[in-house]
Amino acid sequence: MEWHRRHVLGLSDFHPEEMEFVVDTARSMEEVLTRDIKKVPALRGKTVVNLFFEPSTRTRTSFEMAGKRLSADVVNFSSGTSSVTKGETLLDTARNIEAMKPDILVVRHSASGAALFLSRHVSCSIINAGDGQNEHPSQGLLDLYTILKVKGKIAGLEIAIVGDILHSRVVRSDLHSLGKMGAKLRLCGPATLVPKEMARTGAVVTSDIREAVRGVDVIIMLRIQLERQKTAYFPSLREYSRMYGLNRDVFSLAKEDAVIMHPGPINRGVELSDELADCERSLVMRQVESGVAVRMALLYLLAGGSHAAH
Amino acid sequence: MLLIRGGRVIDPASGRDEIGHLALKDGRIHGFLAGDAPAGFDGTVIPAEGKWVVPGLIDMHVHLRDPGYEWKEDIASGTRAAAAGGFTSVACMANTNPVNDSAEVTRQILEKGRMEGSANVFPVAAVTRGLEGKEMTDFTELADAGAVAFSDDGKPVENPLLLRRAMEYVRPFGYRILSHAEDTALAGGGAAHEGWTARKLGIPGIPSAAEEVAIARDILIARQVGGKLHIQHISTRMGVDLLRMARRAGLDVTGETAPQYFTLTDAAIEGYDTNAKMNPPLRGEDDRMAVLEGIQDGTIDAIACDHAPHESYVKKCEFAVAANGIIGLQTSLPLSLSLLAGGKVSPAHLVGLLSAGPARVLGLRGKGTLAAGADADVTIIDPETEWVFGPGDVLSKSKNSPFLGWKMRGAAAATICGGRVRHSAIAGVGAHA
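First to last, the protein sequences are chains A and B.
For the record, in the first sequence the residue sitting at position 127 is 127 according to this note's numbering, with numbers rising by one throughout.
For the record, in the second sequence the residue sitting at position 320 is 320 according to this note's numbering, with numbers rising by one throughout.
Check each hint, because a few of them may be wrong.
[Said to hold, decoys possible] Restricting the straight-line Cα-Cα distance to at most 27 angstroms, the calculated cross-link-like pairs of lysine-lysine (DSSO-like) are:
(1) Lys-153(A) - Lys-180(A)
(2) Lys-155(B) - Lys-399(B)
(3) Lys-316(B) - Lys-196(A)
(4) Lys-184(A) - Lys-200(B)
(5) Lys-101(A) - Lys-316(B)
(6) Lys-200(B) - Lys-180(A)
(7) Lys-68(A) - Lys-149(A)
Simulated from the structure, these hints should not be mistaken for laboratory data.
Given only the sequences and the hints, what does the whole structure look like? Please build it.
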């Protein structure tokens, strides 16, 4: 197939074939990562700006690594959240960066819709690296790729996602990436963090982790954001961990070959027990590996590459 | 003398709905004449054949942003938009800078309205000083200066005891408190209606209960102290139900809604359209239907557009931080006329929602009627004309409307305020904006 997108803002309008295409491209990128010299000249002369308005180390590093391995010039720009009342507006910041003529802007912002907003006002390509509670498309694609590597397919798999569904952009992208490829999804967490409207996605919605993980192939645990506890969505971390933490006992309800994923960073002992985080069925490190390959694929395709197979 | 010839004269306050002529003299309604137009009339004649002649429309909920935010709107531009939209009177909210919590500000607004306005301006003063929700304003002094009601609109009076005291204190004077009913703690910093669209877009939600809890609270306080209460911008099914219940209980509680709440749903925020961001937020389809039912059965007293102008840069940004509100004075009439389509709202009823209704709620004497002796405020409506609301039509200083590009049906053919033509689309009839 041919790639026509100028931006990757979210997976809500991605077709399954497009996602497969990205995964295929990522596969050839991953081959590069096994070489002695892990660098190809595909993006030589192109400039990628990581425009991060929210603290992030791993996603930014992953994109930076991806860009550098494709020989792009990568510039990091970090800033506090923009404000219309003080400081520079998001639009002004983006226009300033754009005036320096980058080819691709990788944007992370705390406001849902920020990447879409920028795509309407700047002329370079935009990759959404997480916008508020909306989407995190590269994470959705790397989760898809990681599961494909281990399970060989997505269709028919039972996948549980457990944790703060309400605030999670990972969930909103995974629902598209895994859902459109035919996985059956279950969403689980405290009722305050699992909006009842999410049933509209076709996913099973439950507040019972045992029901959620029983017989599943994949469990994706989400990070509980400790700073959100100020607004008290649940009584205490102790209570949370007791009801929604994944431990060996609960994990034993899943299929024998079930795997555990987590977008990181993990709160050990809260959503995921220490031993499970490091066990052989944890795919957390493989997700990180896949992440670089998927981000290389996205940068490559947006920069005008057709397919990396050759 | 001015004669409006041959229109369908609809005056719900006096029960009139018939073809005839309306004479205006010395700033007052002179009288209605049926039959042939008087020959040799000594004065201006405005042909109104095929059009409706109704009491000058009243929008009881606008933000003119003057004083203090004149780059968004001022009294001159806001009332020009009002006149073009068919409104001869507007009641402006107190969240200006300085806040309208003193007689000086009230008088300044009135004076500017008289000097520069294309419509009558009725100031609504704050319930609490600085809109801070802590101390009551000097109600009688404000009312004597010309304030027609009291509201902290933009935010609720959060402290129920303070609201009770205010309502109780003003009861002997007959003032009405207009309530922006919102439980801000329950609203939880949300930016859109808590429903599927907000969930999908990852926008923090404002539950319907944030409005409903506050409406219930305010009604119960009004019941306790016997005060006059008005619920602003009702957007939810239960909000309409609560108002209906209060009315049945014999309480003096009135309510308004805005065209956006019976025209749009939260689906309008798709694509993070900040021109559809407002507070209360656009709700679900069931709420929209309930607002329509509340209009049809007479529960809702007034349609008011909550005209809230904002400069482009506070809308051209992330949805979560974008300013709330939309302009509405030039679209309120055509959107309201669409209510006639189902046949459940009569022309007289509709006209009442935009004239006699708000006049009654605010106690405006000589307004909202075409009875002889009333003020010569008249709107001539062409209910059939079709037009597209484009950016070039906007007379406000701000263009934040979700209705830009919409095909509209019906418009103000002419707006006459105090006997002066302030807006005219009728050939041969000039206007003095």
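Consistency of the hints with the structure:
1. Only pairs whose Cα atoms come within 27 angstroms are accepted, and Lys-153(A) paired with Lys-180(A) is accepted, the gap being roughly 12 angstroms.
2. A distance of roughly 23 angstroms separates the Cα atoms of Lys-155(B) and Lys-399(B); the hinted pair therefore holds under the 27 angstroms criterion.
3. With a CA separation close to 31 angstroms, the supplied pair Lys-316(B) and Lys-196(A) exceeds the 27 angstroms bound.
4. For the hint pairing Lys-184(A) with Lys-200(B), the CA-to-CA distance comes to about 18 angstroms; that is within 27 angstroms, so the pair holds.
5. Taking the CA atoms of Lys-101(A) and Lys-316(B), the gap is about 22 angstroms. The hint holds against a cut of 27 angstroms.
6. For the hint pairing Lys-200(B) with Lys-180(A), the CA-to-CA distance comes to about 16 angstroms; that is within 27 angstroms, so the pair holds.
7. Proximity of Lys-68(A) to Lys-149(A) is assessed by CA-CA distance (about 24 angstroms); at most 27 angstroms being required, the pair is judged to hold.
In summary, the one numbered hint that this structure violates is 3.
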